[in-house]
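With the hints as constraints, model all of the structure from the sequences given.
Protein sequence lines correspond, in order, to chains A and B.
Just so we're aligned, residue 3 is where the first sequence starts under the numbering used here, counting upward by one.
Just so we're aligned, residue 221 is where the second sequence starts under the numbering used here, counting upward by one.
Simulated from the structure, these hints should not be mistaken for laboratory data.
Glycine included, C-beta positions come from ideal geometry on N, C-alpha and C.
Careful, some of the hints might be misleading.
If we take Cβ atoms under 10 Å as the criterion, some of the chain A residues that face chain B in the derived model are [what the hints assert, rightly or not]:
#	residue
1	K48
2	E80
3	D85
4	L89
5	Q90
6	A92
7	L95
8	F148
9	H150
10	V151
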Amino acid sequence: MTYFELFDIEPHMDLDLDALKVKFLALQQQYHPDNNQNDVEQAVEKSSQINQAYETLKHIDSRAAYLLKLAGQDSGLEQSIHDFEFLQSALELREQLDEADNSEQFTALRTEVTQWIDGLIREFHIDYTEQDWSEARDTVRKLRFFRHVLLDIDKAEDKLFDDEQFDAFDDDF
Amino acid sequence: MALTPASTLLKSFCGLCNPFKVLCASYHPKVIDHYENPRNVGSLDKDDKSVGTGLVGAPACGDVMKLQIKVDENGKIIDAKFKTFGCGSAIASSSYTTEWVKGKTVDEALKLKNTEIAKELSLPPVKLHCSMLAEDAIKAALSDYRIKQKKDEA
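Below, the structure written as structure tokens:
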């Protein structure tokens with residue numbers, strides 16, 4: 003049974019994430035070991051499968067990777083990205099993130115990354131439909147890359163905010 | 221995070237780092253040394269035909285690594301520079317790699333294996349991908365150099 007079948011949805015990039023979450027909670031409830039006293043072991047196994055499926059389908063990059071896996075085309079997704087132009091933009095983005103020191107800059111960076119991601123999703127649609135697997139893998143690598151960049155933007159902003167709070171605290175004494 | 225003070229090392233940015241905070245807090249002294257005193261940070265002129273540029277990115281953590289080499293007329297690498305945005309291990313791996321390739325020939329440099337980098341820096345298994353990125357970066361730089369030379373001959 004595929005993760006899509008588990009959630010009773012069509013295997014597709016476009017998912018209603020709210021509906022996915024509702025379905026996830028319902029399934030968790032249904033297979034909760036407390037509600038399946040007659041076969042706890044199987045319920046635990048099913049429960050962990052549901053968690054894994056939800057984690058995979060929830061994120062755009064892992065969902066795309068999973069679609070490639072279902073097509074038997076997911077090998078080498080961990081390989082380095084070699085697209086020079088893409089990496090030059092990524093390097094610039096990283097430099098800007100290093101220098102960012104106010105919320106507006108973080109917001110601008112987030113917007114830029116989100117636009118990149120939107121473009122990559124459109125690319126993946128085309129690659130996937132045309133079964134251009136090598137391009138599709140490249141797109142998934144970039145999507146995964148950007149998920150981490152987004153996390154790093156959040157972390158950098160949190161850190162800045164923490165430091166500011168610490169400074170304010172320091173001033174009181 | 222190539223040029224930030226060492227204090228940020230432990231709050232490093234690598235995506236894989238966070239589930240392994242304990243591991244991050246116990247970087248090997250060699251990694252810390254390369255991170256605190258990175259060798260060969262900077263850039264070479266990428267349009268110079270004696271310069272090879274490798275630029276690679278890791279999907280697993282969002283790290284970007286730029287590694288450049290300058291080769292003399294005898295095929296010997298006389299200079300190497302890097303610029304890396306990533307965690308301490310990625311920076312240490314690229315710093316070590318630039319040191320290692322200096323003085324080697326292009327053919328010798330091709331033989332560098334990520335396992336050697338990882339061993340030298342005592343990288344833990346979760347950080348092996350950082351040394352792989354460095355191997356990919358030096359290979360990309362060497363290949364860029366060779367392509368430039370071939371174009372020149374033609």
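Restraint check, 10 Å cut-off on beta carbons, for D85/A near chain B: 8 Å, holds
Holds or violated: is there a CB of chain B closer than 10 Å to the CB of F148/A? Check passed: Cβ of F148/A comes within 7 Å of chain B, closer than 10 Å.
Does Q90/A pass the interface hint, meaning its C-beta sits closer than 10 Å to a C-beta of chain B? 7 Å, holds
With 10 Å as the cut and Cβ atoms as the points, is K48/A at the interface with chain B? Cβ of K48/A sits 25 Å from chain B, so the hint is violated.
Going by Cβ atoms only, is E80/A closer than 10 Å to chain B? With Cβ-Cβ at 6 Å, under 10 Å, it holds.
Quick check on L95/A please, does its C-beta sit within 10 Å of some C-beta on chain B? 9 Å, holds
Closest C-beta approach of L89/A to chain B relative to 10 Å, hint status: 4 Å, holds
Holds or violated: is the Cβ of H150/A closer than 10 Å to a Cβ in chain B? Holds, about 3 Å.
When the least beta-carbon distance from V151/A to chain B is tested against 10 Å, hint result: At about 5 Å, which falls below the 10 Å cut-off, the nearest Cβ of chain B leaves the hint on V151/A intact, so it holds.
Return the status of the interface hint for A92/A: holds when the least beta-carbon distance to chain B is below 10 Å, violated otherwise. 5 Å, holds
Of the numbered hints listed earlier, the single one contradicted by the structure is hint 1.
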